[in-house]
Structure formats: C-alpha cells, structure tokens
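Protein chains in written order, with numbering that gives the first Met the number 0: chain F, 0 to 132; chain C, 0 to 87.
Don't read these hints as lab results, they were simulated from the structure. Just so you know, even glycine gets a beta-carbon here, dropped at the ideal spot from N, CA and C. Zero decoy hints are in this set.
Among the chain C residues that face chain F by a calculated CB cut under 7 Å, a handful are:
no., residue
1, ILE1
2, LEU13
3, LEU65
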Amino acid sequence: MTAELAVTIVGSALLILGAFVIASAAIGLIRLPDLYTRTSAIGTAAGLGVSLIIVGVVVLDFSALNLLKGVIAIVAQLLTSAIGSFALARSGYLTGSRPVATTAPDELADSAASPRDRQIDDGRALGDDSATS
Amino acid sequence: MIPDVVAAIVIGLLAIAVVLAVVRIVRGPTPGDTAVAGDLIFFAFIGIVAVFGLAFSIDAVIDIVLIAAILGFLSILSLARLLQGGQR
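If we strip away everything but chain C, and leave its shape as in the complex, we get:
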C-alpha cells in the first residue's frame, strides 16, 4: 500500500519520539512530566498503528485510529485527576 521506505521513515521518526518520551519519564522530575510524556507515547502509538495497518493492508486501520482519537483523551484526563488525588 505504501512504499517500504516511507513506512520505515515514519516508524523511525515515531520510535525516536517514543524513546525521547521514555527519557523524559525516567528523568521526571514531577508526576506531571511523566503524564505528559505518556500522552506523547500514546499519540506516537496511534501513528505507528496507522502506518503498520497501511503497510500490511489491514482494512480496520482507520477504525482503530478513529477509536483511539475519540477515546484517547480519557487516559490523560484520568492521569490529571490522579495527580490531584481524586480532587477536582
């Protein structure tokens, strides 16, 4: 569906993003930084899933991306709530 070199470039860039976000998770320093790095890992994951789906001609790729885009913010809202200890 897409050329292999394009898939390699896109997944490589997103993998760099994930590695940098993991570095931020390890270094901290506050829980908020960890949460925002996790948010970036989730976005990079959406991109990787989309490119894998295109590369292997999986028809459900746009459905997966759609569900992830709609429901993905719930995780970061939960993390924000968790940081405050359940208080608003």
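If we strip away everything but chain F, and leave its shape as in the complex, we get:
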C-alpha cells in the first residue's frame, strides 16, 4: 500500500518534472534571440524532458520488458536529439540565418559558408549588425 503510494508519487513527480523541462524549453524558444540559442535550448531541454517522462512511465508501469524498452528509448533520445539540433543549426547557418550581433568570435564568418553573403532577411533579430552588410 505505502510502497504503491511511493511509486505513484515518484513517477508523478518525474512526469511533472519532464513536462516542466519541455515547457521551459518552449519559453526559451520564445525569448531567446536567434536560431542557434533556440536550437541549443530545444536540443538539450527536450532530450532531458522526454527522458524524464520515459523514466516516469517506466516507474509507474514497471516490468522488466518495459525497463529494457525505456533504457533503449532514453539512449536513443539523448543521442538523436543532439544530432537533430546540430543538423538544424548547421543548415540554418548554411542558408543564411544570422547569429545575433553579440556573437563575438564568429569563426565561420569569413568562410564560404558565411551567411553574410547570402542571407535571408529576418529584419528583427539583427539589430545594428544589418547596417554593416
């Protein structure tokens, strides 16, 4: 009885924590200034949030098979969310999404991949940097 109650409390806390992490990633998606910081927020926080939710599901609905599936899902999630955000940030840089003006050492700026040459004008997040191009 009490063990069942403890399992319910721990599992529920993990579910709520995971949902809270994903919601905070969404707040970061609104408030952060450019594509790269947004990608960073989604890639880390969503991977962690989904992993916490999977742990909560396994705790609440426990069996050996569910534990195995949960471990596989968490490993896959943590690996692939990083890959996805990396690929998205890379293609964003290649297609001309500019970082904010405070990105001081932009080491790709002089290379052929620089978005300064062929940029999609996004107008709002650029600030004073657009005057120099």
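Position chain C against the provided structure of chain F, taking the given hints into account.
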C-alpha cells in the same frame, strides 16, 4: 494508473509548450526557427501520448514512446536537409 490531477498538470504544461512553439512558428522569422519549433512540438507530442496512455492504461504506450524516440530525429534531419534545398 496515475492520478487525474497529475495527468492534467502534465498535459497542461505540454500544451503550453505546444502553444508557445506555434507562436514561434507563426512569428518566424527564418525557416530554421519554424523547423526547431516543429521539433519541440514533436517532443511535447511524445509526452502527451505517454501520459494519455498511462491515464487510460494502454499497454502499448512504452512501445509508442520507444518508436518515437528512435525514429523522431529523422524528421528533423529531413527538415534540415530541406532547408538546404537538398544539398549537403
């Protein structure tokens, strides 16, 4: 399986996340921002499916989450490829 209030809180938080991501999709400004917001909607969808499955005692919930976690990154890789017009 889980208390109703927990399911309501979790689905509420994830729904807030989806709404904020939709706001980012509408406001843009670049296609990359739209793609990353879609990625977040997919993650929130995994969480919502998991909690619905627990609330209604559906046994296949962990299988659904497993498949989504393994194959979900293909969508964002496809979007990244699409942004570059098929070039690498």
